[in-house]
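Build the complex: two chains, separate frames, hints provided.
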Amino acid sequence: MTVQARSLVRITAPRQTGPTLLDRMRRSSLLMAILAPLAILIVWEGLTRVGLLDQRFFPAPSSIIVSMFDLVESGRIFIDAAWTIGRMLVGFVLGAVPGIVFGILLGLSPTVRAFLQPVIAALYPVPKIALFPLIMMIFGIGEASKWAIVAIAVFFQVFYSTLAGVVNIDRIYLDVASNFKATRWQLCRTIAIPGALPFIFTGCQLGIGMALVIVVIAENFGTQVGLGYLIWQSWQVFEVRDMFVYLLMVSLLGYGSQMAILRLQRAVIPWKKDDAG
Amino acid sequence: MSSDPSTTLDRTGLSPPAFPKIRVRGLGKRFQVGKAWVEAIKAIDLDVQAGEFICIVGPSGCGKTTLLRILADLEAPTEGEATIEQSDPSNPLSSMIFQESSILPWMSIRRNVAYGLALRGVSEAEIDKSVDRFLALTGLDRFADAYPHQLSGGMKQRASVARAFANNPEILLMDEPFAALDEQNKALLQEELLRIWSETRKTVIFITHSIDEALVLGDRVIVMSRRPGRLKAEFKIDFPRPRRVYDLKANPEFGRIGREIWTLLREEVVGP
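Line order of the protein sequences matches chains A and B.
My numbering numbers the first residue of the first sequence as 85 and each following residue consecutively.
My numbering numbers the first residue of the second sequence as -1 and each following residue consecutively.
Chain B extracted, bound-state conformation (with noise of 0.2 angstroms):
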């Protein structure tokens, strides 16, 4: 019943100095539905730099999920390629923040951080401060032996952030890790995101439907097509960090490119 998917991602560790953290090449994925094949997402390019932080935004059912998906070694691709590289052959590869609550409810909040820790065999001494740190960092540590029913959906979701970073991936992969929170915790959430990312300069692929999340988080903004899902446009984003959700917001620049994005993606929800 779990997938599995054959491993198509390219471990050849090898990079030359100018080589991308991810290369992403002609990558496409069908799916079968019924007798009818649909695309999900087709010839997409991509190069993302080592501690870049990429936001992708598209119109819902683009593919965008599937492209995460693939990245995480979830699924297969049916064209093309994607090569990750692999600084340290000890990391994993990627850790994926998924949307919904994706904690075991059946763990203490600290045995679910340091489960990708743990699941490799990593030494106690070295979970508990891998662990401990990301706890402090997302503000869990007085929830570290709660279970995750105690706590709320903001929490659960720092809870997911904390697993992630914890694991010390090579990228780190969010599908709309904020999508089902609140206005406030949302921002909350944004924030804590881009300290705990400064502090460790991950490589990040973030996929939202809110052009400001995009902004506020990204070095890059890349729309997306609806289905088959194509990299439509690219936004470099300037706004100097660290940054805050809502200075960012009064920025007269963040209404402009918020609505140039919007003009893009609106064609591709409305169609032609």
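The shape of chain A in the complex, shown without the other chains (with noise of 0.2 angstroms):
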């Protein structure tokens, strides 16, 4: 039989060390985004310049940062990223305004739930893009007719975002309003729009970013501007570098909006503890 020596385990503070250069680049978040794409840059750039990859279809990044520098240079990209913006924006607010409208509506009032929420449940899996010949038969095609498909689109990421953002509100506000005996308007204003913004936020960055896809489709039809009209072009002419420019306009197009979105929910709703992003 052995005895167990008793042993004492003892806990103390860590020596406190300034952090190093490691630990500062670790905690730099901007440090720490930017790797990633810059890895796989280079790993691009490589493997192009081995011939690993096919030039044709994915040119050296440094080419493609050399046919930025011509775009850029003679100005034009930018017209067609306001075109794009333009036709984006008019689209977006076309439609996330009456997709807030009906949400709210809707998320009030179970008798007009019942009664549209059929028709807009019916409507809303046709994928959108393929209403756009329909949509230009109906309005031309011209700019309406982009304005038009894009607020279709919008609407629905929207109307569903407030909808379930309305439903959502914990019933105690609703409560606190009857007792207060708030009218429909008072409560709409006081607790539903409150009440369902960070879903209404929710709803519009996802229509933003729905926005974009059907503008830079939308675009390959009956114009000569924007930036998904440079990318169909450079695609019948076979300049892939410029496609790629385009193609990281649009990129940074797309993560702009967002960030904007995100801007705007921040400013309109400082009663927010954190925020997500």
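Simulated from the structure, these hints should not be mistaken for lab results.
What you were told as hints is all true, and nothing was included just to trick you.
Only pairs whose alpha carbons sit at most 25 angstroms apart, straight line, appear in this in silico SDA-like list of lysine to any residue: (1) A:K356 - B:P103; (2) B:K230 - B:E50; (3) B:K33 - A:P194; (4) B:K127 - B:D86; (5) A:K265 - B:P18; (6) A:K265 - B:L91; (7) A:K265 - B:D126; (8) B:K127 - B:W104; (9) B:K230 - B:F17; (10) B:K200 - B:R218; (11) A:K265 - B:P87; (12) A:K265 - B:G49; (13) A:K356 - B:M105; (14) A:K356 - B:S99; (15) B:K230 - B:V36; (16) A:K265 - B:Q84; (17) A:K265 - B:Y145; (18) A:K356 - B:L149; (19) A:K356 - B:L179; (20) B:K33 - B:A74; (21) A:K265 - B:I194; (22) B:K234 - B:P18; (23) B:K247 - B:E50; (24) A:K356 - B:D139; (25) B:K234 - B:R21; (26) B:K234 - B:A248; (27) B:K200 - B:E174.
Structure below.
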């Protein structure tokens, strides 16, 4: 039989040392954020240099940067970006406003919900871009049809988010409004809209993303300007390096619009404790 | 989605001198749960005089909250009637203080406290006067512009109390407003509530599951039976005011009445 010796386990504070360079790098979120794309570009560049990637489809990032400078110098790309942004924004507003209005209406009134929801639910699964030919027949091939198709796509995203937002408002707040004898409109203004705002903003974020997707496809038709048009055009003339520049622009536009909505959300919802993202 | 109970509260407004502030006669409420009917409360008769502070204790699920929600016009009764005397037609009938935090997260504390007045279209100056008064009485003046998420649970319930009083209703209905607070905050808020109440002399119906709380606050304590809730017994509480929570608890009479109420309540909680 052995006797186990008793041992003492000591817990002490770790020795305090200043952060090393590596620690500081790890903590810099900006540095961490650009590390992965940088790595991809370096690997990409290397693979094209040794001939493992087909230059016809994946031109070396360095050559894309060269064409980017050319395009930026000519300035045309900004005019086209402005057209795309304009179409996105007009379509977004035309879709988001009715989306919010109907979302709140259906959220607050079971009667309106029972009346309209089946119609909206039946239209929702139709791929929005499949409606584009019909939209062009109705609105012509000009700007109006682009606004309309973007608006339709945005509407559904914003509508469903708003509806979910209103339906999910804590019952107690409705009781408060009811106890204080709020009218329908006061209920809307003081409870439904602010209560659903976080959801409304989520819907706007989904909606603006959808707006970009739709506008880039729609710019293939009946226009000579816009980033979408340029992408399709560079496909027709097989100008792959330019196409990558346009794709990069579209991606920046997508990122920028998401950020803009987030900024707006932080400004409009000061009562939220923590902002995601 | 909002409940829209038909108003069955009688608003005749005329009151003979002896008429109580609140008169409840034969009040009952049945709910349908699936195919079965459940009786929440049954044959409740109750008179509350103007300026009286009534506490109702009962086992959980006895329909206390249902009774309160009917008086708040949030639900309609299925039998009987409740009458509230309206002394001033410009005053709202009732304001409720809810158990959970019901302070609106998207408004500053000031706007929360002003909520009822703002909905009624009271003038800015009048709102400010009343809101400032009750913010000061609840010790919230320093937090007037804060949002609720910046405040503790106790502070939020203070705001709830301030909002109800600022609305200047005929009667105040309180549904276990301090149940979720820790002991220390509870004692503080009980004393603050008594102080504010003694300044305004509003008629209060306060629901609680805590016998101690009922004894500390009330002029009268009413014991409810288990479901279907009926009024089982009534105790007149004569402790002098102003009351302090722990002075009162040291009083042997407090313990004696408390035990008597618990004996009654115990039968209801345990069952026959």
